[in-house]
Amino acid sequence: MRSRTGKALIYTLLIAGTVTFLFPLWWMVAVSLMTPEAAQAATVRGGLAALVPTDPQWHNYPDALMQMGSVRWTGFLDALANSVVVTVVATAGTALSSSLVGMAFARMRFRGSRPMFLVMLGTMMLPAQVTMIPLFILFRNLGWIDTFLPLVVPAFFGNAFFIFMYRQFIAQIPEALLEAARLDGQGWFGIWWHVILPLTRPVTAITAVFTFIFTWNDFLAPLIYLQSDDQATLSVALNSFRNQYGGITKVNLLMAASLTTMVPCILLFLAAQKQFIEGLGKGAVKG
Amino acid sequence: MATIELNHVSKTYSGDVRAVSEATLAFRDGEFIVLVGPSGCGKSTLLRMIAGLEAITGGTVAIGGRVVNDLPPKDRDVAMVFQNYALYPHMTVEKNMAFGLLRRRQHSGLSGLLFHATERRAELAAIERKVLDTARTLGIEPLLARLPRALSGGQRQRVALGRALVREPQVFLFDEPLSNLDARLRIEMRAEIRELHRRTKASMVYVTHDQEEAMTLADRMVVMKFGVVQQFGTPGECYARPANRFVAGFVGTPVMNFIDGRVDAGVFVSTDMRVPLPAARWPRMPAGPATLGVRPDQLRVLHSADAGAGNTATEGTSVPATVRAIERLGDRMDIAVMIGGTRLTARIENDDRLVEGDSVLVHIGLGAAHLFASGEDGARLADAHDVAR
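Chains A and B are the protein sequences, given in the same order. First residue of the first sequence: 1, per the working numbering; consecutive thereafter. First residue of the second sequence: 1001, per the working numbering; consecutive thereafter.
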């Protein structure tokens, strides 16, 4: 009896939490399908009754994407391409460099490895705002402003958090495995590529998903470093879209555009979810 | 197929921890060498220095006449079988076995793919054939498509063996390869490794802490303690002519009995017994402290009823004793007897009449006994057999 009420309580809490978290998303979906008038009304007056679109305006989606930027369609497609390039390159760079550095910290003995590791962990404590201005000056001196380089090059220098994760995971791989690879003719790079990377797939999955979502949604860095319209990523383009039409006058189109930019992240997360669980289970058994 | 020469090889860890000191050994081409000793004796370190997994801090290691001190493992042409198998968990058995060969191809990488497609295909086909052949000889052909985690311990060990074998290296190194297997499988694999050596005639160096494994496998064995080589010789030599008390105690089961005492005018005297030493065996033995070593199978235990009647030994002494403990092994039994305060173990034929607490007569045979200088690692004192050699 007790467990039954307990269960009911847990489910009530879970449902309440789910509703709370999903509400904004639902609001976006609902508003994105409204006529401009209804959307305006919903924005100004709110009201839950309006949140069930009676007459879904599906054409809001093509309309919104078409109107992004100054040239029809081009603005959106440009931004999409930019986002894809930046995100894919940054994700690959982060995963590759972090695992490489993680392997070095976990497996190679070299002078100063411990202090260097501590310094690296220390960088996690620095808020991004602190390094923003020095970094901007650095990239300006390099002549990289208004290029993708400031957005992707740092990714190839690893990320403290992911390096830490890789290091912990790699430290658990039996030493004999690496020695076997050495006897099989592999150098450090060969060991990394043929042994370490395949065995750290769960970590790579986490690194890739987090980096992808972070880079895809990142607004500040592209806003600071990219200036031309045709260089903008989706998040910047979305912001311009809002400004272009005077704030929230076309709120239904804004929501349609916003939802569209969210789709890749949601799909990726759903796809990676299985990999996460599989990977974690495998890691637990194999060690 | 190569000789291995170790010349004053030492390994010192940070500070002055000596794992191996001044090992000078020459292994012949095609020999099965076993490095044996208690844990921490430096045998694994020595093996890993031959493999190139451990830096050599003193002396030289030469494989096939070439000093390899500064060569990385991959250039030494050695293959190793690890205690925990060290199979790549993400690769199938076939990939595990082919991995070392794939790296050694001539036409690997992009240039092979683009410019030497035919040669590349031929190479890959050759590797596949080789893996298949090796798998067949080891009886693991049906497992080729499986991942290591789907194999039993014995199968994994076989795959690890196959992975080394398929490479056809100059030297095979084994680091306690059987110690994770259960006793029965261990004996089976032992025979198989021996057979493998007979067939391939490859040079093998094998590390174990199990003296029985060492005795059965080795052409010659290296007995080590605290990083120092105690004796290098055939299992027969190490058993019959141990260099010192440590080797004598380490080789052979049950462990040799040691009785501390002194030699005085051709008689070994301890607090509990007097054993006259035959002058033919130990001529002109100087007086002084010594330890008498007698293997348990050189002791005979005579029931008090038979005393006198059964005493037909040519050499040796009979001493009264009490039975302290009995371990029956079927056809034989290990029996612990007390002679005063001295405890000796005897391995004798099963005798159902004997029970704990019995008064017996113990005959100490000296035919295969040894005298050692006193101390834990006292050297064996030379006797007539040594002079004859």
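Watch out, some of these pointers could steer you wrong.
[As the list claims (entries may be wrong)] Pairwise CB distance ranges (calculated): (1) A:LEU118 with B:PRO1289: 38 to 46 Å; (2) A:PRO198 with B:THR1216: 48 to 56 Å; (3) B:GLU1168 with A:VAL130: 56 to 64 Å; (4) B:PRO1142 with A:ALA8: 47 to 55 Å; (5) B:THR1024 with A:GLY122: 46 to 54 Å; (6) A:VAL119 with B:ALA1026: 29 to 37 Å; (7) A:LEU149 with B:SER1111: 28 to 36 Å; (8) A:ARG111 with B:THR1060: 25 to 33 Å; (9) B:ASN1180 with A:LEU223: 53 to 61 Å; (10) B:ALA1373 with A:ARG109: 36 to 44 Å; (11) B:ASP1070 with A:ASN141: 38 to 46 Å; (12) A:PHE214 with B:ASN1180: 43 to 51 Å; (13) B:SER1111 with A:ARG109: 30 to 38 Å; (14) A:VAL119 with B:SER1111: 36 to 44 Å.
Just so you know, the hints here were simulated from the structure itself, not pulled from any lab data. Even for Gly, the Cβ is constructed at its ideal location relative to N, Cα and C.
We went through each hint and held it up to the structure:
1. At roughly 58 Å, the beta-carbon separation of LEU118 (chain A) and PRO1289 (chain B) lies outside the given 38 to 46 Å, and the hint is violated.
2. Between PRO198 (chain A) and THR1216 (chain B) the Cβ separation comes to about 39 Å, which falls outside the hinted range of 48 to 56 Å.
3. Evaluation of the 56 to 64 Å hint for GLU1168 (chain B) and VAL130 (chain A) yields a pass: the beta carbon distance comes to about 59 Å.
4. Checked against the hint of 47 to 55 Å, the pair PRO1142 (chain B) and ALA8 (chain A) passes, with Cβ atoms roughly 54 Å apart.
5. Distance hint check for THR1024 (chain B) and GLY122 (chain A): the Cβ-Cβ separation is about 50 Å, which falls inside the suggested range of 46 to 54 Å.
6. Against the hinted window of 29 to 37 Å, the Cβ-Cβ separation of VAL119 (chain A) and ALA1026 (chain B) comes to about 50 Å, which falls outside the hint.
7. Roughly 31 Å separates the CB atoms of LEU149 (chain A) and SER1111 (chain B), a value that falls within the hinted 28 to 36 Å.
8. Range check, ARG111 (chain A) to THR1060 (chain B): Cβ separation about 27 Å, and the 25 to 33 Å hint holds.
9. In this structure the hint that ASN1180 (chain B) and LEU223 (chain A) lie 53 to 61 Å apart at CB holds, the actual value being about 58 Å.
10. Restraint check, ALA1373 (chain B) to ARG109 (chain A): a C-beta distance of roughly 43 Å satisfies the suggested window 36 to 44 Å.
11. With their beta carbons about 44 Å apart, ASP1070 (chain B) and ASN141 (chain A) fall inside the hinted range of 38 to 46 Å.
12. Look at PHE214 (chain A) against ASN1180 (chain B): about 44 Å separates their beta carbons, and that is inside 43 to 51 Å.
13. Checked against the hint of 30 to 38 Å, the pair SER1111 (chain B) and ARG109 (chain A) passes, with Cβ atoms roughly 34 Å apart.
14. Between VAL119 (chain A) and SER1111 (chain B) the beta carbon distance is about 41 Å. The supplied range of 36 to 44 Å therefore holds.
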